[in-house]
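Chemist: Residue strings, one per chain:
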Amino acid sequence: MIEAPDLSLAALAPLLFVFGAACVGVLVEAFAPRESRHPVQVAVALVGTLGGLVSSLLLAGERQVTAGGALAVDGAAVFLQATIAGLGALSLLLFAERSLDPARSAFVAAAAVPAGSPRDRELITAPRVQTEVYPLATFAIGGMMLFVAANDLLVMFVALEVLSLPLYLISGLARRRRLLSQEAAVKYFLLGAFASAFFLYGLALVYGATGSIRLSAIREASAGEAGGGVLLVLGLALLVVGLMFKASVAPFHAWTPDVYQGAPTPVTAFMAACTKVAAFGAILRLLYVAFGTDEWTWRPLVYGIAIVSMVVGAVLGLTQTDLKRMLAYSSIAHAGFLLTGVLGYGSGADGTGSGLGATMFYLLAYGLTTIGAFAVLTLVRDGDGEATHLSKWAGLGRRSPLTAAVMALFLLALAGIPLTSGFTGKFAVFRAAIDDGAWPLVVVALLASAVAAFFYVRVIVLMYFSEPAVDGPTVGVPGLPTTLVLAVTVTATVVLGVVPGAVLDLAQQAAIFVG
Amino acid sequence: MDTAPADGLITSAWLLIALPLAGAAVLLLGGRRTDRWGHLLGTGTVVAAFVLGLLCTLQLDGRRLDVDLFTFVATGSLDVQAGLLFDPLSAVFVLLITGVGALIHVYSIGYMAHDPRRRRFFAYLNLFVAAMLLLVLGDNFVALYVGWEGVGLASYLLIAFWHERPSAATAAKKAFIMNRVGDVGLALAIFLMFAQLGTVSYDGVFGAVGTLAGGTVTAIGLLLLLGACGKSGQFPLQAWLPDAMEGPTPVSALIHAATMVTAGVYLIARCAPVYDATPTARAAVLAVGAITLMIGAIAGCAQDDIKKVLAYSTVSQIGYMFLAVGLGPVGYVAGLAHLLTHGFFKAGLFLGAGSVMHAMDDDVDMRRFGGLASRMKVTFVTFGLGYLALIGFPFLSGFYTKDAIIEAAFDRGDGWGYLLGGIAILAAGLTAFYMTRLMLMTFFGRPRWEPGVHPHESPSVMTAPMVLLAVGSVLAGFLLVVAFPLEEWLTPVFGEPEAAEHVVAPLVVSILVTVVMALGVLTAWLFVGRREVPVTAPVRVSPVTRAARRALYADAVNESLFMRPGQWLTRALVFVDNRGVDGAVNGLAATLGGSSSRLGRTQTGFVRSYALSMLGGAVVVAGALLAVTAG
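Order-wise, the sequence lines are chains A and B.
Read in order, the letters of the first sequence are residues 1 to 515 in the working numbering.
Read in order, the letters of the second sequence are residues 516 to 1146 in the working numbering.
Excised from the complex, chain A in its bound form (with noise of 0.2 Å):
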């Protein structure tokens, strides 16, 4: 007979109310009648996350393994739910935008219909609007956030199937250019599966090696085998491929240009901060906490590829002439940065981590910045769409320059200019890493950020500083899902780079694995 698990229904909430939201929807697109799913959707789908979101923030300071083992309820865990929760319903509000396209969405209306058919260029201007991406989004979302508790690895494998999957499909629902986004999806899905049987590979060997999955298990059998043995030791180096690829770092990136590229913007921003959140989550967790005892096999591994993502994202990015692309690569270099504070994570006071704490809060300022970035550029759009090559934005800044204004700020986040968020987070990762005592590698994240300063710059130049183009964008009015995000990550872009004190606390609170 098998015995129940023990399941702490409280601390998860927040993975029940995302999840049960998924289901209501598909429940929903089922039985609701076409006119009324829209806002039901967009309600259920809300609700899920910020209910999420709410729960979570409720369980602050909670430390405790749950559902038999395999799930971790705690600091860094329930942060990151609250983080993956709120982007993920911030991204949900910019696919709920009807006023910016003529089509009333991003999002294509029947996806099975052959790009460039007589019913397709039909559907182009057809009021139907597709509801399904809403499901499809709050379940990457749950996986997301199962994926940053998951305690063992097969339920961090599965959770990291249950955020790709849904991801794999949403990218390639673009009503427009509708075979680049169908391209990237395929890409996105040949690559992604190539990913997950890294993955899957190397929680095979682990299990070998150490006869567990659950990471604590692998810790203990790991530390009494000194210097774990070949099979250990390879299954670590693919799982950590698998993740790497997910959270887009070089050199497992090479999808995402094309990828951020082809998806719907509000899509691109979605896998851009929620994503990245979620993969280094799992990072954190996997080599912290399953194999944090022999640490020095893989630090300086993690050095060497956050040097060679900073350096390919930052030098890649510079000629780049897409908007989206270029972020694309800010994302890589980012993921670089990011991975500088995951080898800070022992710095801490008290031998735990200012590093882990560090990389959470910069986690949550680039997730917010990325979202506002994508979202200005999902406002400025000619007769094909959203205008995202470079030439299109010359001059914005006269023809409009509060959304000029805007970009202007989270480019310069992006550049990690003091009196940003994106300063703050740099400023904390860096300090972390020093404090660990890998300042050369903190001197390449400088060199790195002052090369990609320049192509964030260029695009503010290019805005304030070029005549206007004769047939250039027009800047679209936004609704109000869209004004709010922009709002919302404006505001936090702005206050976590000037008063960042409370978060930045409460990150370093919140800085604790169990296990």
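Taking CB as the label site, the calculated pair distances span:
#: 1; chain 1: B; residue 1: THR1117; chain 2: A; residue 2: PRO300; range: 23 to 31 Å
#: 2; chain 1: A; residue 1: GLY116; chain 2: B; residue 2: VAL1089; range: 58 to 66 Å
#: 3; chain 1: A; residue 1: LEU9; chain 2: B; residue 2: ALA1104; range: 52 to 60 Å
#: 4; chain 1: B; residue 1: LEU1141; chain 2: A; residue 2: ARG63; range: 29 to 37 Å
#: 5; chain 1: A; residue 1: ILE124; chain 2: B; residue 2: VAL1089; range: 53 to 61 Å
Here are some chain A residues the structure puts well away from chain B; computed CB gaps all over 12 Å:
#: 6; residue: ALA4
#: 7; residue: LEU27
#: 8; residue: LEU57
#: 9; residue: ARG398
#: 10; residue: PRO401
#: 11; residue: TYR464
#: 12; residue: VAL475
Quick caveat, the hints were computed from the structure, so don't treat them as lab data.
If you're wondering where the values come from, they're calculated on a predicted model, not measured in any experiment.
Just so it is clear, CB atoms sit at the ideal spot from N, CA and C, and this is done for glycine as well.
Given chain A, put chain B in place with the hints provided.
Modeler: This is chain B only, laid out in the frame that chain A set:
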């Protein structure tokens, strides 16, 4: 040298600074609304400060009082308490600044009556008074520095008050830049004190001077001297002061004669403990004073611009003061007494010159004056008294205080003493020459006025301050030296005066100085008074005159030694920046851009190559991890 906490009225000594500062703030921020009564407010604040300063001084009773205000800078090891030091030395400066300042404010009401920007003028004057009071009242070097820069700013703003004139704008810039040279010296001196002693308060620094190495004290002394030279127009930084006469005449009287330019003397007197410990720096002070007093006197002899003559006279007289404070304890009181009397008669002379200019349609060329004595009786009499005081006419101010300096120089007793005394006596003769020349060219002889000029006496709002200052010029020397000796008043600061052993009897010195002075007057009469003054300056003159006209080529030296090399350096740096720095930056950018394009080729768009790159990455990761574990 112990200080006590302030009591009574002196606890509110901060009001001395706050009053004029508030006046400046109201006038500057209030804008045009304050145009109608701004000048009255500006004058009122300074008069109030004078009254308060007088009451505080009466309560002082020879004590040194500390007024704690608040913590100014508290960063790690640098801790600067903002506090004021009200002692006999700062008290005399407070009275001089607010007293002469108040008179000049009153005078300016009339002098600037027709200027559309009169309110702004009074705002700047108030700002100056506040900064100058901070300079002399601060109890630490940082407060002194703030005041020092504040008076520099006010001086710049006021020299350039008529900035629509290119000459005024240039003069202001010149003054500002040359002052910067000195200010850097002062700042470095403060840095050095802080680095060596960890404190910048007067008490802290002076108390610990003895613990410093000799070289360090000398360095501090020389750097302070550099600062003093900049502010006081002393050699080698004297060239800005005559040009500063481009400012309105009340400014020349207040800032560039009576108060600000004496800040250097104050600094050296205040830092007496530093100079007591370093004979080298003290000798440098002496040298600066002696050289400057000769340069000023020689240049003053050949100027035709009435204000320039007075300006070179100021340079020369401050040289006397530097000479005095460079002599050490015997000279401090003499130097400061001369500073005070000079404040009276030089301010009076400038106000008189302003009155003359007022009458002559702002002309300053004495060759076009002449015969004004009968047209401007009050101006003539007050100016004449100032003149007599300056040249050291017996029993007027200058007689007492200048003689004291010359006596102190002889009292050194060695060959240098005789040399310095000789220089000082010679310069006294030159002073008599150039001032008599000025008097003769302005007030006597045949009128050489431009057509359309109708000289008239100035209004009483201008003549009243002149009269008061003339009274001061006559009496101040007697009061300060004989009736209420400054020496006794300053005893708490400089210690008990030593009973001087005179090498040359004071009476002999006085007679000698008076005779040389009379010779100077006589020479001037022979050269200028007897003959007709040509309206245009003669071109065929002796090399000496030519050199004196160009102030011994100070500007030429500055230009060839500093300005031209500076311009070359600028050009060279621009070249290096364009070719070298920009080249490196652009080259780096090109390299990065190139590698970006090359790296970008790996982004083929094919899933198969992406998958291959992932596989490669995974192999490297696994290999590296194995290598690290094995190794």
